[in-house]
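Enquirer: Residue numbers (this note's numbering), protein chains in the order written: chain A, 24 to 581; chain B, 4 to 255.
Everything labelled a hint here was simulated from the structure, so no lab data went into it. As the structure is a computational prediction, the values presented were derived from the model and not from experiment. Mixed in with the good hints, there may be bad ones.
Stated by the list, open to error - Taking beta-carbon pairs under 8 Å as the criterion, some of the chain B residues facing chain A (in silico):
id, residue
1, H32
2, F51
3, T54
4, M57
5, G60
6, G61
7, M62
8, Y73
9, Y74
10, P75
11, G151
12, V182
Note that the Cβ used here is the ideal one computed from N, Cα and C, for glycine as well.
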Amino acid sequence: MSTAVGNTIVSLPDQSTAQLPKRHYINNEYGLLSWLLTEDHKRIALLYLFSVTFFFFIGGAFAGLIRLELLTPQPDLVAADTYNKFFTMHGLIMIFLFLVPSIPGVLGNFLIPLMIGARDLAFPKLNLLSWYVYMAGGTLTLAALVLGGVDTGWTFTTPLSTHYLNTHVITAAMAIFITGFSSILTGINFIVTIHRMRCPGMTWFRMPLFLWAHYAASLLMVLGTPVLATTLVLVALERLFGIGIFDPAKGGDPLLFQHLFWFYSHPAVYIMILPGMGVISEVISTCSRKRIFGYTAVAFSSVAIALFGFFVWEHHMFIMGVSSYSALVFSLLTMLVAVPSAIKIFNWAFTLQKGSITFETPMLYCFGFMGLFTIGGLTGVFLGSLGMDIHLTETYFVVAHFHFVMVGGGLMAFLAGIHFWWPKMTGRMYPETISKLAAVTTFIGFNLTFLPQFVLGYLGLPRRYAAYPPEFQVLNVLSTAGATVLGFGYMLPMLYLVWSLKYGAIAGSNPWQATGLEWQIASPPPTENFAEIPIMDHEVYDYEWLANKTKKEVTTVG
Amino acid sequence: MDSALATTDPADLHAEQEHGHVSLPQHRHHFETVEQQREAGSFGMWLFLLTEIMFFGGMFLAYLLYRNWYYPAFVVGSNQLSVRIGTFNTMVLITSGFCMAIGVWAAEVRKRSLLTAMLVTTTLLGVLFLSLKYDEYHEKYELHHIPGNNFNVSMFTNPAGYGIKEAPLPPDMAQKTQVFFFLYFAMTGMHALHMIIGLGILCWLIPRARRGDFSSGYVAPVENFALYWHFIDVVWLFLYPLLYLINRHPMH
Ligand code: HEM
Ligand SMILES: [Cu+2]
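Next comes chain B alone, as it looks inside the complex (with noise of 0.2 Å):
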């Protein structure tokens, strides 16, 4: 847990310097060694997921109340999701979680036009994880899904009407899936807002990237970044279960 630096004594931090990657330019004055430098930002990379994860920790909590009261209203509310497109979008997720991978991998070994090409890749694979969603949002939109004054609750209390094979809901129980919806939007839309964050910074990189500065044994800000795509993929890992897959289709 200690950094080498708390421990060693300082004659053979001088001795290290010297023998040093120290002459990386990117070296900030007041840390004594880069690798004090990378530590430090890796250390705080994880603090700041941490962060990440009391955030989203409020949510998650809301939901575990709120299913386990309206039970019935969360199983029609998610059956209205289009598991394909989440599946999708899941493997999507993951595949550009795997490119960002590499993506390291190749800043670690020197590779500069294989990291550039990772970064694009995930930059594309984040796209179309995003214009499927809004689709998803959209479609919503259009059946008056959105919770609010316009929110439709005929559809649940005689889903027959509607071409639905659900059961129907008692008219207290179906107002409930406003509930169900609200977390729907409020969890997959900050799960966004944190896509469309990592895609500017992925912007800011892949310039960067192109001209070299990452593939002279500067890998921090890829290594970080990577560390933050992949904190964003794992909520997805939990949100699409928890809202997609919460019972389907129990009439079939």
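Just chain A, same shape as in the assembly (with noise of 0.2 Å):
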């Protein structure tokens, strides 16, 4: 913090003689059943960070297990079955029960009431629920982990998952429909929320783009979760009873699961980036001191991605024997979802040009977001284009794009919020070299990790496979050194995040001389989060109104 003041013109505000306040959320109330119990989404933001967190290392374990196995071109560290299993509790962890849940359930929570001048969500006891029904999701596939796994994919490919394995689909697909009701309820709240608890004054076009794309993201919970949900129990109910829906010698139509699949799940892989967009258009904000250039764009982009993104999910499905009319209409649209994308990137570009930046551990990674979301978009576009698709499709190529967009993107997003907020979460800060290691450590790991399969895509390895051909072992011992060198960067924060809860310095109320209602109050905040509702009076990411704010708070107090 300090090393950054001294070489810019911003000043940020002297922490030594910052305190932490007597009574906040934290304090208030002790014992184990004052969190199980509570209705302070405060307080449920942070147990939604154990749980994701909790869940972010099992994934990551997998993780680990998959790249050590792809070390050598043989099936020699497991048989080709428990990989199978592997690379599916691999992505179903991280998908359903970290990426979706992570920004909204830890920083949506939290943020969302502070930043609209509200006391709570609006429904505070069905934010409660939707922990628990996640945690009951999330027990549940650690049950069908622990009875013997399963090895569908996270796809839950048809007509494999209902006919050909003897593994615990019907387990692992309870656990996901589960899940996807906690993800259904958070959007129900959000939105609501939004639209109802807003702060006199706090008109849309005042909302923090941390709003706009928590709302986005929700409406794209609600409208496509319950289609996953609808998905699931017809597999569910095929399994079981051998009726005929997806089965084509029964007269079913495969393909009928991988419309209602992808119409889900290509929604989802926004459900995973919007919210983890809001928070970049945050903390380019605060670090560059400016106003986000194009506010109403970025705005409405948000909007326009959760629309045009319900319109494409038949690029997911090209070589699947679609009517290849219909597949030129879609790579037609997947090349649109892309421009709303690119405003995001562009806009943020626009607001660093002539901005006070300054270096922090959350504008770190928030560079990091926006070169490797790039490189994930860009790709995505490769994969659209029919004529590319048919080459690159269930190889490697594809494996490189997603992890791109989502750890690149979404995770890279996450840990730039979650060190944004922690000095308001907390009340302390996180040490600033050892997280500024940590951020280029990812960056350089992640990298590293990926970069390659991207080449191997290319060359024609497919994914999914315990073994590979010979030639291509110098790409994957590549990538998996990459990922020790990512593992090593992802444990430095849960280190050092744990440490300074202790041993942090005081942040005070603004650490980063941010504009946000949020951090016009104490940190932690008080329980009920603000004395008196607020009124917003000036636009938002006003630096002018904040620097007269402090200027008369100096004045009157000292």
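Mind docking these for me? Both chains are given alone in their own frames, and the hints should help you get the complex.
Expert: Quick look at the structure:
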């Protein structure tokens, strides 16, 4: 922090005199039950933080095992069947138990009421319920794992999942079914809160972009997830009773499954990335002390992504025997969906231009996001072009594409957000130097892991096999080496963030000099958030307003 | 679309609070006004119903697809359902929806005993619907029309042998009646599941209504439940023609 202050024109507040408030949401009540039965959105956010971190490391362990197996061309570490179970568990946990709930569950829960100037989400009990539902789904997923695992891939592809496997498909499907309800409940809660709980003066176009992004993601959760629920119910029924809804032998259509599944799962990728984009908007604006360039465009691009996101699902099915005319249309629509994402990237870049940029850790993660997400998005456009996709589908190219957007994008944004709001959530700063090291390590490790996979895929290595021809070994070893670095990069925040709970510098209410309402109250915030409901009497990202306000405080208090 | 709260100036808000209806014991602290709480509740309910539409949507899609592909099998399958019971049940549901609507009105004008009576009638009609549905399911069970290994196809390849007035289907198409029956059970089963949940909620509402919880100005739970109940009715209004009335007795 202080190092950053030295070489910019911005003066961040002097933290040496900062103090923790006497009463805040963490020490307001004590005891396990006060956490397990809490209806405070900030405490529920912390519950989510613990649980998504837990699942992240389990999913990460499977990633490690996968990379370890792929160190050599022969399937020598584990048998092919076990390998299938590894990547299935890795995918299920990372997607449904980590990426989907991570930013909304932790940061969304914590920040949405604070940012719109409300005391809580509209339905606090529902919020707690959604955490319990999530935990139930998570437990059932672990049960599927302990009972012996599943090997369908996270996509539950029929007829493989309904006819040919005797692993725990039904348990896993029910686990995901249940987890889905948690995200539906969260989505409903967010939408109602954003519509109905804004403080006086907080018009739609004074909302921080974080809220627009969460609003769009919530729409996707509410409209998409129920379709996944139907699909999983049908898979389970087909498997249990042998009814032929997806079975061609009995007159069913396996393509119907694909349509239903991807109708949810393409929008789901935006459920994972939109909240992340919201985080990036906040951090970039704060760390360059400028209003986001083209605020309205960025706001509407979130909504556009949510809208277009529902009309591209067939790009996952180009080689599955869909009509080539419809493939043409979907290819075109896929190109279109990249436009709003590009709008965001360009606007962030223009926000940086002539800004007073400082390079704190959250900002480093943001730069990581911008670079990696751009590569991920552009390779998505490659995959969206019909001719390219026929060559690249089901290869490591696709694996690299979605890891660039989900890990390079989603996870980087999550870490940016966690670091950025850590002082607000805990009242203490994270240690700056080592966290910068972690940010740089993850960036390097990430590229080392996934860049070789683009090449592997382009050369034709199919995904989801435990063995591969020996000539691909060099690139695979590089990738495994990168994964090791990456794993190290993720362990670091885990350690120093816990350390900072006790030893971190006391942050004070607004360490970044950010403009959001959440920064105008104590850190950690009091249980009721605002002593009196605030009035939003200025535009969003108005740094002049903040400067005036700070000046006044200094003259009246000191 | 905007809530009053977001646009009014805070002075008005406080004035409104002092004038009143804030005294309701059900007012939760994080809402500024009772009005805001009520709006949030019904908005949330509408969103929930939207998710329900998407949930049933997947099955309606499957229905459309297979009905197009296997029309003859769907016709014959549909002819095995009892239009009499189906029609009667439709009337039962519509009546129960009507009672529910009167119940909401009763809560709004604070008539406690009328509200309780209406909720009880709604429950009874719901139970009646489900018992008739059970009867239909049971008949299908006895006729081996439940898809799966015990499914009896010969009834459709050789209808005359069973005294059914239908043209015999080629074996291939006859198999597809399973798809019809599967959709029939999945869709009406999901519908019935929603009714059972609804009946559970009614059993929780009735004692509270008798206590007078909802007849002193706090009507949100009754209102929101009514939305849910009407939604179930509407789903049935689609299921009934799609499943029972595909093509009644073309041979006559
Ligand atoms: C920016 C625009 C994007 C475009 C044009 C795009 C395009 C595509 C295409 C065409 C495929 C299918 C490849 C194939 O299987 O042959 C694909 C796969 C995938 N994409 Fe994207 N994508 C984009 C953004 C994203 C984002 C933001 C995410 C997640 C955060 C994502 C996650 C995925 C995943 C998980 C898969 C693979 C699914 C699987 O088969 O397991 N994509 N993408
Ligand atoms: Cu997609």
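Enquirer: None of the hints should be skipped; say for each whether it holds.
Expert: Here is what the structure says about each hint:
no., hint, in the structure
1, H32, "7 Å, holds"
2, F51, "6 Å, holds"
3, T54, "5 Å, holds"
4, M57, "4 Å, holds"
5, G60, "7 Å, holds"
6, G61, "3 Å, holds"
7, M62, "6 Å, holds"
8, Y73, "6 Å, holds"
9, Y74, "12 Å, violated"
10, P75, "12 Å, violated"
11, G151, "5 Å, holds"
12, V182, "5 Å, holds"
When the structure is compared with the earlier hints, violations turn up for hints 9 and 10 and for no others.
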